[in-house]
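Just so you know, the numbering used here puts the end of the sequence shown at 501, numbered straight through with nothing missing.
Worth flagging that the hints you see were computed from the coordinates, not collected in a lab.
Check each hint, because a few of them may be wrong.
Stated by the list, open to error - Derived lysine-lysine pairs resembling DSS-like cross-links, with alpha carbons at most 27 Å apart: (1) 169 - 89; (2) 252 - 218; (3) 314 - 336; (4) 169 - 336; (5) 169 - 104; (6) 325 - 336; (7) 301 - 275; (8) 169 - 337; (9) 336 - 252; (10) 337 - 252; (11) 365 - 301.
Because the structure is a prediction, the values reported are computed rather than measured.
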Amino acid sequence: MPIIKRCFSNGGALSRHGFIEEKSVANSLLKKLAQISTQVVQDIVDDSDQEVGGITTTTILARALVNESNQFISKGADPKEIRVGIMAAVEMVIKQLNAMARPINRPEQLLRVAITSAQGDRAIGGLIYQTINTIGLDGQICIRNANTIDVELRFCDAIKFRQSYISPSFINTPSRSLVEFDSALLFICRNTLTRAESIVRAMELAELKRMPLLIIAKDIVDEALNHLILQRINANAKVAAVKAPCLGRWGLTDIAMASGGAVFPKNNEPEPEPATINIYNLGQVGYVTITKEDTLLIQGYGDEKAIVDRIDAIEKEIRWSSSQSQKKILEERMALLDTRVAVFLVGGSSEGDKEKKKALIANAVRITNAAVEGGLVPGGGTALIRCMEHLESLIVENKDQSLGVDTVRRALRMPCWTIAQNAGLDGDEVVYIVETAPMYEDFGYDVVSGKYGSMSMKGIMDPTKVVCTAITNAAGMASLLITDHEYMISNK
Numbered sequence: 010m011p012i013i014k015r016c017f018s019n020g021g022a023l024s025r026h027g028f029i030e031e032k033s034v035a036n037s038l039l040k041k042l043a044q045i046s047t048q049v050v051q052d053i054v055d056d057s058d059q060e061v062g063g064i065t066t067t068t069i070l071a072r073a074l075v076n077e078s079n080q081f082i083s084k085g086a087d088p089k090e091i092r093v094g095i096m097a098a099v100e101m102v103i104k105q106l107n108a109m110a111r112p113i114n115r116p117e118q119l120l121r122v123a124i125t126s127a128q129g130d131r132a133i134g135g136l137i138y139q140t141i142n143t144i145g146l147d148g149q150i151c152i153r154n155a156n157t158i159d160v161e162l163r164f165c166d167a168i169k170f171r172q173s174y175i176s177p178s179f180i181n182t183p184s185r186s187l188v189e190f191d192s193a194l195l196f197i198c199r200n201t202l203t204r205a206e207s208i209v210r211a212m213e214l215a216e217l218k219r220m221p222l223l224i225i226a227k228d229i230v231d232e233a234l235n236h237l238i239l240q241r242i243n244a245n246a247k248v249a250a251v252k253a254p255c256l257g258r259w260g261l262t263d264i265a266m267a268s269g270g271a272v273f274p275k276n277n278e279p280e281p282e283p284a285t286i287n288i289y290n291l292g293q294v295g296y297v298t299i300t301k302e303d304t305l306l307i308q309g310y311g312d313e314k315a316i317v318d319r320i321d322a323i324e325k326e327i328r329w330s331s332s333q334s335q336k337k338i339l340e341e342r343m344a345l346l347d348t349r350v351a352v353f354l355v356g357g358s359s360e361g362d363k364e365k366k367k368a369l370i371a372n373a374v375r376i377t378n379a380a381v382e383g384g385l386v387p388g389g390g391t392a393l394i395r396c397m398e399h400l401e402s403l404i405v406e407n408k409d410q411s412l413g414v415d416t417v418r419r420a421l422r423m424p425c426w427t428i429a430q431n432a433g434l435d436g437d438e439v440v441y442i443v444e445t446a447p448m449y450e451d452f453g454y455d456v457v458s459g460k461y462g463s464m465s466m467k468g469i470m471d472p473t474k475v476v477c478t479a480i481t482n483a484a485g486m487a488s489l490l491i492t493d494h495e496y497m498i499s500n501k
């Protein structure tokens, strides 16, 4: 879908593929779109960006839907009925986009999509292609800073379990709501920690080694949790805490073995005694990433042979176990120990350069995955224009719903129109030529070459999932705004 770079008046680069969008442009459009409901709109834009990208397309479509709807509403049309028509039309568009989609079934197609998703960066696109081939679509990726200029890719063993940070106070990457540590120590406890003295010794050792500390325990409450949060907020301590995975009595033992640490307390005490904690029985991992759902521990310092032996032993238990509940726990333990992760080590000429590359990689991976999952449709706004004719046969219940369908039909022109306008062309003329072309389904306009032709032959294709998500979220955004009483009053 279209990319709009900040070149409305002074020129600049324009991507013909439009997979990666500038969020600042979307935000500037949001201000024009709505003043009262901006937060609602922003939430939908963020959801679109986090899922598969396409935030600029989402905003362009939403703006068109709202503007068209307002014209009808100002003449007395019922906004609720228009909304029904919009949703019915979008459902039809999604159906047609999926019917139009072409699968990615050749390696060279996947490589081309990966490179395009990376804004034409062949090096990064090649690494993304390698990542998908190695760990698959469901594989986990980790993006970290490196003291180099280039981007390096490593595949590492990891431990992954479904527990998040106990408190959002531990978040140190607020832009993505993550806890991220490099080279961290692990303090693993089988019981609930309540006393500050139970964790102080581990924190002192981590500070002495100048390393972050992750505490994994049955739970952390009362004085212990308060102490951790205060140290994090007031002393900027590199600490975090998560609850232990629900994997029976062996789950923490597996983590300890994989990280080269021990499980506390060693005896039957309710909480660890400070004297029993030393640097040698704390676990260690190369990277920690904690999201709202999962904890990922990468490159544990445990004995590799012991880990392999443990995995083999679990496999045998699975084969011999007659209990389905026990098998499920064993399979989860296996997944915990037998995870492979792609680690992108991102270098650059400055911190800003690194952050830009990290954002590019994260977006490109999401979009490439979306392309593999749902296939590709003609890019440059062509696919949406091809859906317009199918709306003519859509039957709705009343005139106002029909106006909603017409609103969607008109909005579908806007991505192609916007690309043309930003390239200094007559958007209406380009849309008319593409819309009325009798040649073939993927006929469109390439703003880079300045020629019309087959978008698939030119390699200008969009992931179906990105386009579907954009129109779906745009319709949701527009529906909220046109049925928002305050917004409608402010726009009369």
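Hint-by-hint comparison with the structure:
no. : hint      : result
1   : 169 - 89  : violated, 45 Å
2   : 252 - 218 : holds, 24 Å
3   : 314 - 336 : holds, 24 Å
4   : 169 - 336 : holds, 18 Å
5   : 169 - 104 : violated, 36 Å
6   : 325 - 336 : holds, 11 Å
7   : 301 - 275 : violated, 31 Å
8   : 169 - 337 : holds, 16 Å
9   : 336 - 252 : holds, 22 Å
10  : 337 - 252 : holds, 20 Å
11  : 365 - 301 : holds, 23 Å
Consistency with the previously given hints fails for numbers 1, 5 and 7, ordered from lowest to highest.
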